[in-house]
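Asker: Chain by chain, the residues:
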Amino acid sequence: EPEVTQTPSHQVTQMGQEVILRCVPISNHLYFYWYRQILGQKVEFLVSFYNNEISEKSEIFDDQFSVERPDGSNFTLKIRSTKLEDSAMYFCASSPGLAVSRQYFGPGTRLTVT
Amino acid sequence: SQQGEEDPQALSIQEGENATMNCSYKTSINNLQWYRQNSGRGLVHLILIRSNEREKHSGRLRVTLDTSKKSSSLLITASRAADTASYFCATVPFSGYSTLTFGKGTMLLVSP
Numbered sequence: 001e002p003e004v005t006q007t008p009s010h011q012v013t014q015m016g017q018e019v020i021l022r023c024v025p026i027s028n029h030l031y032f033y034w035y036r037q038i039l040g041q042k043v044e045f046l047v048s049f050y051n052n053e054i055s056e057k058s059e060i061f062d063d064q065f066s067v068e069r070p071d072g073s074n075f076t077l078k079i080r081s082t083k084l085e086d087s088a089m090y091f092c093a094s095s096p097g098l099a100v101s102r103q104y105f106g107p108g109t110r111l112t113v114t
Numbered sequence: 001s002q003q004g005e006e007d008p009q010a011l012s013i014q015e016g017e018n019a020t021m022n023c024s025y026k027t028s029i030n031n032l033q034w035y036r037q038n039s040g041r042g043l044v045h046l047i048l049i050r051s052n053e054r055e056k057h058s059g060r061l062r063v064t065l066d067t068s069k070k071s072s073s074l075l076i077t078a079s080r081a082a083d084t085a086s087y088f089c090a091t092v093p094f095s096g097y098s099t100l101t102f103g104k105g106t107m108l109l110v111s112p
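Sequence lines, in order, name chains A and W.
Residue numbers for the first sequence follow the numbering used here, beginning at 1 and rising by one.
Residue numbers for the second sequence follow the numbering used here, beginning at 1 and rising by one.
Keep in mind that the hints are not guaranteed to be accurate.
To be verified - Listed next, with one range per pair, are the computed distances between beta-carbon atoms:
hint	chain 1	residue 1	chain 2	residue 2	range
1	W	THR77	A	ASN51	39 to 45 Å
2	W	SER68	A	GLN11	41 to 47 Å
3	A	ILE54	W	SER28	22 to 28 Å
4	A	THR76	W	LYS56	31 to 37 Å
5	A	GLN64	W	TYR97	21 to 27 Å
6	W	THR67	A	ASN51	27 to 33 Å
7	A	ILE38	W	GLY59	30 to 36 Å
8	A	PRO96	W	SER71	24 to 30 Å
9	A	ASP71	W	THR20	42 to 48 Å
10	A	SER73	W	THR64	38 to 44 Å
11	A	GLU68	W	THR64	36 to 42 Å
12	A	GLN11	W	THR77	36 to 42 Å
13	A	HIS10	W	GLN14	30 to 36 Å
Derived from the structure by calculation, the hints contain no laboratory data.
Just so you know, these numbers come straight off a predicted model, no measurement behind them.
Backbone N, C-alpha and C fix where the C-beta goes; we use that ideal spot for every residue, glycine too.
My request is simple: use the sequences and hints to build the entire structure.
Answerer: Written out as structure tokens, the structure is:
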């Protein structure tokens, strides 16, 4: 089965630094997502992306976050100035279609902000 | 309670027993999905049930959906130690957007 890949698997950064989390969605998928999971808590939606623009975002996705599809394969999440509370597992997902389709999740990037 | 609340929060059973996890939600949905997560790892999609479906099977998994009660259940039959994981339900709203709203999950421990 095709897979979503994410790099790095673990990122440690200092508070205030910028981080970029990378994802390679499944090649023929059209919809891309970022979710996060703070340790011990539930998975939370951050943003969805379609046709080179954000289609939906949550309250968590404030001005310090941005997403980009810089080329035909990568999908990135940038956090401009990290805070301690940004420490979480970040999951990328992709799907071939909208609501009726399952989403395929990557293995996640564990972000630790110190 | 919030959208996609599972119960119980934790379930401990012996190998060979069945495990039932429940999920309740609040808003109208397009579909409901169940995911599994091994400790600290990624999310594995198990099964998707659409709002016009009442029951679905996949191997040892059986999912039911009751839209009148806004609830779903996941049954794992003949459980194995390898089924030990956290199980989450996630709903997709009726609105047409594809955002998944996850519950807090049920932590299942299957002892040999």
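Asker: That 39 to 45 Å hint for THR77(W) and ASN51(A) (C-beta), does it hold up?
Answerer: Given about 42 Å between the Cβ atoms, the range holds.
Asker: Is the distance from the Cβ of THR76(A) to the Cβ of LYS56(W) consistent with 31 to 37 Å?
Answerer: holds, 35 Å
Asker: Between the beta carbons of SER68(W) and GLN11(A), is the distance compatible with 41 to 47 Å?
Answerer: holds, 45 Å
Asker: For the pair GLN64(A) and TYR97(W), does the Cβ-Cβ distance stay inside 21 to 27 Å?
Answerer: At 23 Å between Cβs, range holds.
Asker: Determine whether the Cβ-Cβ distance between GLN11(A) and THR77(W) falls within the hinted range of 36 to 42 Å.
Answerer: Cβ of GLN11(A) to Cβ of THR77(W): about 40 Å, so the range 36 to 42 Å holds.
Asker: Is the gap between the beta carbons of HIS10(A) and GLN14(W) within 30 to 36 Å?
Answerer: Between HIS10(A) and GLN14(W), where Cβ atoms are some 35 Å apart, the hint holds.
Asker: How does the Cβ-Cβ distance of THR67(W) and ASN51(A) compare with 27 to 33 Å: does it lie in that range?
Answerer: holds, 31 Å
Asker: Please test the hint of 36 to 42 Å on the beta carbon pair from GLU68(A) and THR64(W).
Answerer: holds, 41 Å
Asker: Do ILE38(A) and GLY59(W) keep their Cβ atoms within the hinted range of 30 to 36 Å?
Answerer: Hint holds: Cβ distance 32 Å, inside 30 to 36 Å.
Asker: Holds or violated: the 22 to 28 Å window for the beta-carbon distance between ILE54(A) and SER28(W)?
Answerer: The hinted range 22 to 28 Å holds for ILE54(A) and SER28(W), with Cβ atoms some 24 Å apart.
Asker: For the hint 42 to 48 Å, verify it against the beta carbon of ASP71(A) and that of THR20(W).
Answerer: Because 46 Å falls inside the window, the suggested range holds.
Asker: Can the suggested window of 24 to 30 Å be confirmed for the beta-carbon pair PRO96(A) and SER71(W)?
Answerer: holds, 28 Å
In this structure, every one of the numbered hints holds.
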